[in-house]
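Number of protein chains: 2
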Amino acid sequence: MQHRIDGERLWARLLAMAQIGPIPGDGSCRLTLSDEDEAGRALLVSWCAARGFALRRDAIGNLFFRRQGRDADASPVLVGSHLDTQPTGGRFDGVLGVLAGLEVLETLADLGLETERSVDLCVWTNEEGSRFQPAMMGSGVACGILPLEQVLAASDADGVRVADELVRHGYDREPAPDVGLADCYLELHIEQGPILENTGKTIGVVTGGQGIRWYEIALHGEETHAGPVPMALRKDPVPLLARMIDLVHAIGGRDPQARCTIGQVRTHPGSINVVPGRIEMTVDLRHPDEAELDAMHDALMRGCRDLASSHPSIGLDVQLRWHSPVVRFDPSLAKLVRQSAERMGIAAHDMVSGAGHDAFHLARRVPTVMIFVPCRDGVSHNPREYASPEHVAAGANVLLSVVLERAMSRG
Amino acid sequence: MQHRIDGERLWARLLAMAQIGPIPGDGSCRLTLSDEDEAGRALLVSWCAARGFALRRDAIGNLFFRRQGRDADASPVLVGSHLDTQPTGGRFDGVLGVLAGLEVLETLADLGLETERSVDLCVWTNEEGSRFQPAMMGSGVACGILPLEQVLAASDADGVRVADELVRHGYDREPAPDVGLADCYLELHIEQGPILENTGKTIGVVTGGQGIRWYEIALHGEETHAGPVPMALRKDPVPLLARMIDLVHAIGGRDPQARCTIGQVRTHPGSINVVPGRIEMTVDLRHPDEAELDAMHDALMRGCRDLASSHPSIGLDVQLRWHSPVVRFDPSLAKLVRQSAERMGIAAHDMVSGAGHDAFHLARRVPTVMIFVPCRDGVSHNPREYASPEHVAAGANVLLSVVLERAMSRG
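Sequences listed follow chains A and B, in order. When we follow the numbering used here, the leftmost residue of the first sequence carries the number 362, and every step to the right adds one. When we follow the numbering used here, the leftmost residue of the second sequence carries the number 362, and every step to the right adds one.
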């Protein structure tokens, strides 16, 4: 028999959580460790306490709610996501994974199902990285990827430190559960892109995450007055900017899986009647295959060298500032997701996550998979972000099914 | 007989003035109506007082020093420029025209030459426009082009108004001389470009000023995450930016007299992992021929229309924000400059001013001409700005010669 979550309860809780830090246009603002973020967590704590799910917290403020399994020594099944939002965030990004996780725990309780393994609902601190950097902070600390002392010292734009806010909210450095001992980690999330919507599928079987490389590029010319200096005598970096744009977009056009973005362009001094002395720009390259991403990197570097040769009067400086390798989720968990959807008659589609998620950190420690559901127009990080009640329920039912498969298995 | 100015005295005064508001690297900072600007004016007043040149001031703080001619009713010959500087200005921009004017008055006095017409040395308030906008404020008011009350209300970044500063420095709204009654206006200035240096000429016979048109252009796409959305599904305005750059630089490349500058480019929100939703850019078009400038304008508008058609998913908005028509200086005065240089054996070159000057306003009221001298590497608005003592003296001697031609003529 196929168990089902309570779609109406889940939807009502999504709407209730959105009332914590509400912003115009149906959005939410719960910046990490703000009063709003803490109030959102308190609401979740109250819901979990009412069902008797025991709470543990760790030194970075991650929350772990447990529905106890039969075998207390068996490695638990983890589900979860985050409750913090972007400054103008929506109602689903992160929240869906947390509240669907709660829904799974409650459904198991409602059904009186005893699982072999405990099921833990995880709420990771600061996934968004809007107030404190880096993003995916809580999961990074829990997985031993980010040093605790370093992230505690991170401060926001007003100089308030993560450590100060944790103390203010009463987090008391309890010893953390070792997530590396878990059986697996499962995260339901809105897609944040248009692929499911465009293909008419309801469930994204997320097989991994794109590798990401960030570059900062500077073009150095000579600042001069827009009037007196003939164009042939200028060292104007702007024409080279056009060639750089063409280069980057040509790299992105070779392969439908490649993503190339020039997010920042800024001329200096940026005055209408001054030929810029310097242009700063950024490049974000992504691909789900590390070898292809290497090839994109090589094409960028080779292109920059060629452009530097053909524009000898302009200095061209390229720096790789950050990279995140390609993430591969656990194939057997992905297969479970695919089969669960199939069994329920829900159309599923294998895909790769373009955005970063806490699951990327978890995947380095335990078998991990993500489940996507469509979001309207692919919009996220925006009050307009929307996932339908039907898609939300479908995602939570697939999550329940995979949790049951794993939690019923012997430790 | 050919009269000559005292090059050493002029050079010493240029160096002395640079000590008012000195900044590292031989530059000066005398922002309009600051204490430094006022101290620079006080130094000039002391030099003029020592020679008995009578001072008048007007309501916008312009200074007029007179060496009286024989015929008190004859329309005077005006010489001058400005003493205010850019925040990181040099020692010559503006200052040269003022101190060479003083040098001309002093030379006439030293020689005991009685001129028919009076010769007035003018110091225009706020040519640079760095602290208060618009630039060329004092000459604009004196010529009846800018309304006095409007510019008195202009305020700097700290909210201090032009009117406040004039009161603080004791300017008391004396009735202004009517510059429209002058015989002519002559302004010596550094070129602020590389043409004289590159052609090996010492005197620029400035026949007019480029027409200028300023445009603000916005490209509207759709802001989206750099990861999840395939490139083919994005509305990324960045590739269109490359086409806009190519368009503007193609317009600039058709004609060596054309100047096209993209000074400002800025992507919004300007985040490394966000496809920009909007790009703002500026275009500055200049040409010494109004019909050619019209053609450049038409090419820009036509090009934008074509690009808008070929990029239907991106909005393209072009606004002409400001224009300054082509300025033609007085041909007979230009001829006098050319002949004076020739008579002294100084190599001269007809040219057009690329930058704006107070002389542009004066040219709308009285016969006007400018004389340029070379500046090293074409650099200005910079402490590195430099004109050699020989070139400075040559420019002042040509100025003296033209002043004598006009001031000796019957009113």
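By construction, these hints were calculated from the structure, which means they are not laboratory data. Positions of the beta carbon are idealized from the N, C-alpha and C atoms, including for glycine. It is possible that some hints are incorrect.
Reference listing, derived: stretches of chain B covered by chain A, where coverage requires no fewer than 3 residues with Cβ under 8 Å from a Cβ of chain A [unchecked claim]:
id, segment
1, 419-428
2, 713-725
3, 739-748
Subject >> Unmet hints by their number, sorted upward, for this structure >> reply: 1
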